[in-house]
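Trainee: Just so you know, the protein sequences line up as chains G and Z, in that order. Just so you know, we're using this note's numbering here: the first sequence kicks off at 1 and counts up by one. Just so you know, we're using this note's numbering here: the second sequence kicks off at 1001 and counts up by one.
These aren't lab readings, by the way, just hints derived from the structure by calculation. Please note: incorrect hints may appear among the correct ones.
Unchecked claim - Chain G is nowhere near these chain Z residues, computed Cβ spacing over 10 angstroms in every case:
{"id": "1", "residue": "Arg1036"}
{"id": "2", "residue": "Trp1043"}
{"id": "3", "residue": "Gly1072"}
{"id": "4", "residue": "Lys1096"}
{"id": "5", "residue": "Leu1222"}
To be verified - Okay, the calculated beta carbon distance ranges per label pair:
{"id": "6", "chain 1": "G", "residue 1": "Ser410", "chain 2": "Z", "residue 2": "Glu1021", "range": "35 to 41 angstroms"}
{"id": "7", "chain 1": "Z", "residue 1": "Ala1024", "chain 2": "G", "residue 2": "Glu168", "range": "46 to 52 angstroms"}
{"id": "8", "chain 1": "G", "residue 1": "Pro47", "chain 2": "Z", "residue 2": "Lys1020", "range": "56 to 62 angstroms"}
{"id": "9", "chain 1": "Z", "residue 1": "Lys1020", "chain 2": "G", "residue 2": "Asn427", "range": "52 to 58 angstroms"}
{"id": "10", "chain 1": "Z", "residue 1": "Gly1080", "chain 2": "G", "residue 2": "Arg16", "range": "45 to 51 angstroms"}
{"id": "11", "chain 1": "Z", "residue 1": "Asp1107", "chain 2": "G", "residue 2": "Ala363", "range": "55 to 61 angstroms"}
{"id": "12", "chain 1": "Z", "residue 1": "Glu1010", "chain 2": "G", "residue 2": "Ala334", "range": "23 to 29 angstroms"}
{"id": "13", "chain 1": "Z", "residue 1": "Lys1006", "chain 2": "G", "residue 2": "Asp425", "range": "52 to 58 angstroms"}
{"id": "14", "chain 1": "Z", "residue 1": "Glu1010", "chain 2": "G", "residue 2": "Ile166", "range": "41 to 47 angstroms"}
Idealized CB from N, CA, C, for every residue including glycine.
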Amino acid sequence: MNAFLNISNGEKLDRRKIPHLAFADFRENALEIVGKGGKVVQFFAYPDGTSLKLLAVLRTDRLMVAGCDAPGSYPSLTQVSEPFHLFEREMAEQFGLRPEGHPWLKMVRYHPNYHKAKDVFGNHYKEDIPGNYTYYQVEGNEIHEVAVGPVHAGVIEPGHFRFNCIGEKVLHLEIQLGYQHRGVEQLLQGVQAKRLPILAENIAGDTTIGHSLCMAQAVEALTPVQPDKGARIIRSIALELERLANHIGDLGALSGDVAFLPPANYFGRLRGDFLNLSLLLCGNRFGKGLVRPGGVRFTLSDEVRKTLNERLKELKPQVEHVLELLFLASTVRARFEDCGCVSPADADHLGLVGPAGRASGLAYDVRRCFPTEHYGELGIPENKKTTGDVYARARVRYDEIHQSMGIIQSLIGSSVETKTVAASDLNLAPLSFVVTLNEAWRGEVSHALLTDNEGKILRYKVKDPSFHNWNGLAMALRNTGISDFPLNNKSFNLSYCGFDL
Amino acid sequence: MFSVLKNRYEQGYRTCSYPKEKPAVFGRYRGKPLVRQDASPEWVEICANACPQDAIDVQQKKIDMGRCIFCGTCEQISQGEFVRFTGDFEIATAQKEHLLTAGDLPDLARHSKQHFKSLFGRSLQLRQVSAAGCNACEADLNVLATPFFDLARFGINFVASPRHSDGIVVTGPVSRNMRTALLQTYEAVPDPKVVIAVGSCTLTGGPFSGSPEITEGLDKILPVDLFIPGCPPHPLTNLHALLRFFK
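Turn these sequences into a full structure, and let the hints steer you where they fit.
Mentor: In structure tokens, the structure reads:
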């Protein structure tokens, strides 16, 4: 019997009921769960009075939680089990906790720690450049390095990529992020209640609904405000619209990267049409302003529902035809297939989530495994692929585009009634803990919220799916031609700001 | 090949005729705010307190579009007694103080720098720098290249190198970690150069104001020529700004 306590997604838990273990037991139990195929949902440190504590939320087919006192330094879990890797680095950066024996202890986002503890990485932060670090190097006369970023050639977010190549072949790609760090978690802990939904919406704008849902569900768990059925349906529709716009945009970008321009342009335009459906619903193309604790700020009036139905009826065949155009082109398949493979074993070690995970055989989908909102009523298929290449990552999106259009059409078939909510003050339950998970278009988004004995936010922890998946991209590039980097990058299309917070 | 042609036929011609005609935007879109000057002080106070961005100037009964994220909270709670967001997406300004408005924006074309029009009116090459935004501003700049907006038909392009550009378009609240990269990119653009600030984060720090990790307004570190408000600005807002300012 494991010492971790089973919990549900979005369940309020009295903090005193979280199993508080001795560090050695905590470590042993966590390693046992993850060793048997479990994954890390959250693993972070938080201050409690004068002491510092650790808390882990793990998942198998259930969610479970346990905590312990934070040792100043501790034997790294990563050296035994890879899924802890980035979480341990993040804790080292945020609180100065040193994981001894960590195989790759480098900064995550490049900022001084919150506790004014001695800097684990020996950084002084006088230069505002996250790349202040000796990159991993491959030695040899024929090795060359390619450095890209932080400012990229396109209209995209900043990050630094360092390729170690032999000829055209990439031996190793190291990705350094942190340029987008805005101090989101610290802000979430200190701001007035009215700013909470706004911050959640702006963690990653392309995942506005995913992050907003995690925030709203966390607040709803700790307050009496509850969404009605109509609100849950509208929020599910919004999440699927977000998925559609992004998946369609990604397939267009992939098409452009293999120089097949018709679908690139058609999907580029169609993506905008789906963003406009979010605007139809709430006045913002990214769904900002829609989700609030307790429900939604805009109803699905019959007029809006009718327009949404008509637009979908018009767009659906167009999307389907362009999908056929893309996926039936032999030249596209030749470029997608066997490009940037991440084996199921590697994906499992890295703990990949979302479409990138499903493309490599990990069927996990929060909508199916820990459903929130209206998803319990919807049958979500597994969408698992086995090849782990660009083709598989594109194919998962192909499946999900079809499904999301079907889901929305089924949900807007009959009238949806709800009351709108306005922002209100939040009286969060004191001494409580909640963790929320949602399947956004990139995969599992999770927020964890802890309150102190006055109901103030003690710790707000945010995890974007990109936190798990950036190393998947690095892995995909191994032994791949460097000219295939853009294609692989788009096939993951990860968030910089979601990672950087 | 047949499939390519069939799709081409089905797709048809999609480019909007803006600026000749204004395309229709769905009714819930929140563009330029119209403030009722006869609103009772109580309503103004209530709205100002509820505003998550503290964007309402109670004394002047004005909204700071630089701070505003167009969430519509004030419109919703006052039920139009204080402010109504119109469908007008033409809201960019050439001066920061113009962002503080009751709904009467000065004509952008008349306030733009006239020498920019002769220099860049027929060809404008821009380098975009994403500096800690949420990627929504970037996304809605990117769509300007899609067939519906087709920015290139106006001689305006986003280019890969600052050396090839006439100016920079900045998004995001300029994090500490992006500051040097942004300033270096600016330095790399040959003179005379243009600086365009896009989105509430870039204008004032937006939702992240108060964080020690960011800059509360790009104009604190660079001379900004064009301010485009929104969270994110609608693509048509961006398009209008570029056309009115440079053409």
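Trainee: Let me make sure I understand: some of the numbered hints might not hold for this structure. Which ones are they, in numerical order?
Mentor: Result: hint 3 breaks, nothing else.
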